[in-house]
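Just so you know, the protein sequences line up as chains A and B, in that order. With my numbering, you'll find the first sequence wraps up at 494, consecutive numbering, no jumps. With my numbering, you'll find the second sequence wraps up at 652, consecutive numbering, no jumps.
Simulated from the structure, these hints should not be mistaken for laboratory data. All C-beta atoms in this analysis are idealised placements derived from N, C-alpha and C, irrespective of residue type, glycine included. Treat the hints with care, since some could be wrong.
[What the hints assert, rightly or not] Pair ranges (Cβ atoms, derived):
| no. | chain 1 | residue 1 | chain 2 | residue 2 | range |
| --- | --- | --- | --- | --- | --- |
| 1 | B | ILE517 | A | LYS57 | 32 to 42 angstroms |
| 2 | B | ILE544 | A | TRP447 | 52 to 62 angstroms |
| 3 | A | SER453 | B | ALA552 | 18 to 28 angstroms |
[Said to hold, decoys possible] Straight line, CA to CA, 30 angstroms or less: simulated DSS-like cross-link-like pairs of lysine-lysine:
| no. | chain 1 | residue 1 | chain 2 | residue 2 |
| --- | --- | --- | --- | --- |
| 4 | B | LYS511 | A | LYS448 |
| 5 | B | LYS553 | A | LYS57 |
| 6 | B | LYS605 | A | LYS448 |
| 7 | B | LYS648 | A | LYS177 |
| 8 | B | LYS496 | A | LYS177 |
| 9 | A | LYS354 | B | LYS605 |
| 10 | A | LYS99 | A | LYS354 |
| 11 | A | LYS448 | B | LYS553 |
| 12 | B | LYS496 | A | LYS354 |
| 13 | A | LYS444 | B | LYS648 |
| 14 | B | LYS533 | A | LYS177 |
| 15 | A | LYS177 | B | LYS630 |
| 16 | A | LYS448 | B | LYS520 |
[Unchecked claim] Which chain A residues face chain B? A few, computed with CB under 7 angstroms, are given here:
| no. | residue |
| --- | --- |
| 17 | LEU356 |
| 18 | ALA373 |
| 19 | GLY375 |
| 20 | ALA461 |
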Amino acid sequence: MFKKILIANRGEIAIRIMRACKELGIRTVAVYSEADKNSLHAQFADEAILLGAAAPKESYLNIDKIIAAAKQTDADAIHPGYGFLSENASFATAVDSAKLAFIGPSADSIRAMGDKAESKISMKKAGVPTVPGFEEIESENDFKKAAKEIGYPVLVKAAAGGGGKGMRIVNAENEMKESLEAARHEALNAFGDDRLLIEKYLPNAHHIEFQVFGDKHGNLVHLFERECSVQRRHQKIIEETPSPLLSPELREQMGRAAVTAAKAVGYHNAGTVEFVFDPSLSTFYFLEMNTRLQVEHPVTEFVVGLDLVQWQIRVAAGEKFPFPQKDFSQRGHAIECRVYAEDPANGFLPSTGKLLQFIEPRGPNIRVDSGFAAGSEVTHFYDPLLAKLIVYGENREAAIQRMQAALREFVVHGVTTNIDFMQAVLSHPDFQNGEVTTRWVETKFNWKPTEPSFETLIAAALADQTIANRKTQNANSNEPDPYSPWKVASGFRN
Amino acid sequence: MKTTFDENAIDLTPSGKGYIATIGDKTVSVEIVHAENGKLDLLIDGNHVIAYVSSDGAKRWATINGQTFLLTRSSGTRRSGAGGEHASELAAPMPGQVRSVNVSEGEAVSKGQTLLVLEAMKMEIRIQAPRDGVVKELLVKVGQTVEREQILVKMDHG
Numbered sequence: 001m002f003k004k005i006l007i008a009n010r011g012e013i014a015i016r017i018m019r020a021c022k023e024l025g026i027r028t029v030a031v032y033s034e035a036d037k038n039s040l041h042a043q044f045a046d047e048a049i050l051l052g053a054a055a056p057k058e059s060y061l062n063i064d065k066i067i068a069a070a071k072q073t074d075a076d077a078i079h080p081g082y083g084f085l086s087e088n089a090s091f092a093t094a095v096d097s098a099k100l101a102f103i104g105p106s107a108d109s110i111r112a113m114g115d116k117a118e119s120k121i122s123m124k125k126a127g128v129p130t131v132p133g134f135e136e137i138e139s140e141n142d143f144k145k146a147a148k149e150i151g152y153p154v155l156v157k158a159a160a161g162g163g164g165k166g167m168r169i170v171n172a173e174n175e176m177k178e179s180l181e182a183a184r185h186e187a188l189n190a191f192g193d194d195r196l197l198i199e200k201y202l203p204n205a206h207h208i209e210f211q212v213f214g215d216k217h218g219n220l221v222h223l224f225e226r227e228c229s230v231q232r233r234h235q236k237i238i239e240e241t242p243s244p245l246l247s248p249e250l251r252e253q254m255g256r257a258a259v260t261a262a263k264a265v266g267y268h269n270a271g272t273v274e275f276v277f278d279p280s281l282s283t284f285y286f287l288e289m290n291t292r293l294q295v296e297h298p299v300t301e302f303v304v305g306l307d308l309v310q311w312q313i314r315v316a317a318g319e320k321f322p323f324p325q326k327d328f329s330q331r332g333h334a335i336e337c338r339v340y341a342e343d344p345a346n347g348f349l350p351s352t353g354k355l356l357q358f359i360e361p362r363g364p365n366i367r368v369d370s371g372f373a374a375g376s377e378v379t380h381f382y383d384p385l386l387a388k389l390i391v392y393g394e395n396r397e398a399a400i401q402r403m404q405a406a407l408r409e410f411v412v413h414g415v416t417t418n419i420d421f422m423q424a425v426l427s428h429p430d431f432q433n434g435e436v437t438t439r440w441v442e443t444k445f446n447w448k449p450t451e452p453s454f455e456t457l458i459a460a461a462l463a464d465q466t467i468a469n470r471k472t473q474n475a476n477s478n479e480p481d482p483y484s485p486w487k488v489a490s491g492f493r494n
Numbered sequence: 495m496k497t498t499f500d501e502n503a504i505d506l507t508p509s510g511k512g513y514i515a516t517i518g519d520k521t522v523s524v525e526i527v528h529a530e531n532g533k534l535d536l537l538i539d540g541n542h543v544i545a546y547v548s549s550d551g552a553k554r555w556a557t558i559n560g561q562t563f564l565l566t567r568s569s570g571t572r573r574s575g576a577g578g579e580h581a582s583e584l585a586a587p588m589p590g591q592v593r594s595v596n597v598s599e600g601e602a603v604s605k606g607q608t609l610l611v612l613e614a615m616k617m618e619i620r621i622q623a624p625r626d627g628v629v630k631e632l633l634v635k636v637g638q639t640v641e642r643e644q645i646l647v648k649m650d651h652g
């Protein structure tokens, strides 16, 4: 087993991985950028190494600096988390060449699935159904030609991509130029690779993905599905398992297809096979495989009762995965809500600032994976995910109720969040009936923030009043909480 | 004492153990049971209410029963954001970097046209013309870092 693992990531996922390491008695090394020097993930590790400037290319995407940090601290393995370098085959190769263990699949598997063109070809060969489209084209003209053949709307997306970045829906030919430019630039920034592919855009589809897990000894199982159809800007915000849509027969078919897909590229470690699913026809297409740990892995952990990150570490160290497929079943229901610093009333624009209050919910079967606390700074350099709130219930209804109660307890001040928005999604009949498609938020869900209640206005006014009183009575009071409105009496600019 | 948040004026008058609060034609009694570290334990007309309040300049974050509102304390006069009928100023919605400037000064643009593109948190944000008009002044260059609410473009709508 490894003695020390470097976690090449930041935020909640870095902390989640460090927890697994600590449970297994493995020492941890964090890496951080200048913008993250006071961040929780850097504090949580046994050691922390500064990589460089805030820009990802100077820090979390810089392979040489990360390998050097691992060498300097005598780490024997690197966990890439999700995003950043997690699906970068050159990184996995560089880790191998440096005589370190990469906690994830082989560089060859990453390459085979990371290149969306190559992956589609090999999936077709393996007998896994794929979305109609074209790969390996470059010029604007070729994209226009391809789009005409497939029929608008089409999706252009990063060939190296994932996580919804570098992806644009194109509804008509006159949108192609701008969409290609924007997607290319995002792709270059997020993945260091600006190649794009094009495929038919399926507007009424559900996004259903299957978790797969394998060891280096040829054992590979699927751990059932996650329904991830509640999305905005092609990024998931609410995920759950089981999917309310799948019959046992479909679940078995899709699970088998997921295992076939993973085996076709010699997969080991944790991975996710994504499908688009059309409920009216009960057809599914392979969309892509994410060759890494997924953001929403905790819902699977709840219903199958496995710690995926611990097992990632154990199989990377060469252990056998001892459980055959027949040992797994789905027990109960789990939901995840991603708490983002963003404004749903304003096009989901990211919101930045210092967190003035950050109170996480607690209770039975409530899990919060977060990388922030009161006083943390949310900067514009990185993804605006603040925390993942995951709940477990005996069935879907119980899980929804638990999530609604937990979200009501989550208090975030200092940045705008999507908490109220997700609350509205959960209580919507379409969500409760399992009828939400990937375009539902944009096209059907007409959410508007409510007006502040009478009580809210009174509370805000009272806080001001209390400040005014304090100012006269006790101007130099030494409040323990520096962000308390009762403290900043002299700090008002208006 | 009167406090105004956005368009809502709240009057708090000390009375007995607490206050009488008036908003428009609504009046209630309010008592502070306990207040500490941004958490208020209140009795509003005898009903127990827990509120979380934080301040940041003129902004107030207030949460009751899981719903959070961002209120802006105003001093009576409201800032005019758009600059009237004939002109407008377009500001950065968040801090970021100018990725491209797609128009030049004096250029006639139509409603919805992308004037420039900002990049923040790996996302591209298009700044579009709110109405037909002419670009009067471009205040930023490609590559420049901008702050939230920094004016980017001045427009003339004749």
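- Task: Quickly compare the C-alpha distance for A:LYS99 and A:LYS354 to 30 angstroms and report which way the hint goes.
- Result: violated (40 angstroms)
- Item | A:LYS57 and B:ILE517 - C-beta distance against the hinted 32 to 42 angstroms | violated (51 angstroms)
- Straight-line alpha-carbon gap A:LYS444 to B:LYS648, limit 30 angstroms: violated (35 angstroms)
- Starting from the hint 18 to 28 angstroms, judge whether the C-beta atoms of A:SER453 and B:ALA552 obey it. Hint holds: Cβ distance 20 angstroms, inside 18 to 28 angstroms.
- Message: Please check whether A:ALA461 passes as an interface residue: C-beta within 7 angstroms of a C-beta belonging to chain B.
- Response: With a closest approach of 4 angstroms, the A:ALA461 hint holds.
- Item | Outcome for the supplied range 52 to 62 angstroms, where the beta carbon pair is B:ILE544 and A:TRP447 | violated (25 angstroms)
- Proposed interface contact between A:GLY375 and chain B, which counts if any beta carbon pair is under 7 angstroms: The hint is violated - A:GLY375 has no Cβ within 7 angstroms of chain B, the shortest such distance being about 12 angstroms.
- Query: Is B:LYS648 within 30 angstroms of A:LYS177, Cα to Cα?
  - Reply: holds (26 angstroms)
- Query: For the pair supplied as a hint, A:LYS354 and B:LYS605, is the alpha-carbon distance within the 30 angstroms limit?
  - Reply: Not satisfied, since the Cα-Cα distance of roughly 35 angstroms exceeds 30 angstroms.
- Query: Taking 30 angstroms as the top limit, are the C-alpha atoms of B:LYS533 and A:LYS177 close enough?
  - Reply: Judged against 30 angstroms, a Cα distance of about 51 angstroms means the pair is violated.
- Item | 30 angstroms limit on alpha-carbon distance, applied to hinted pair A:LYS177 and B:LYS630 | holds (27 angstroms)
- Task: Sort out whether A:LYS57 lies within 30 angstroms of B:LYS553, counting only the CA atoms.
- Result: violated (35 angstroms)
The earlier numbered hints that this structure contradicts are 1, 2, 4, 5, 8, 9, 10, 13, 14, 18, 19.
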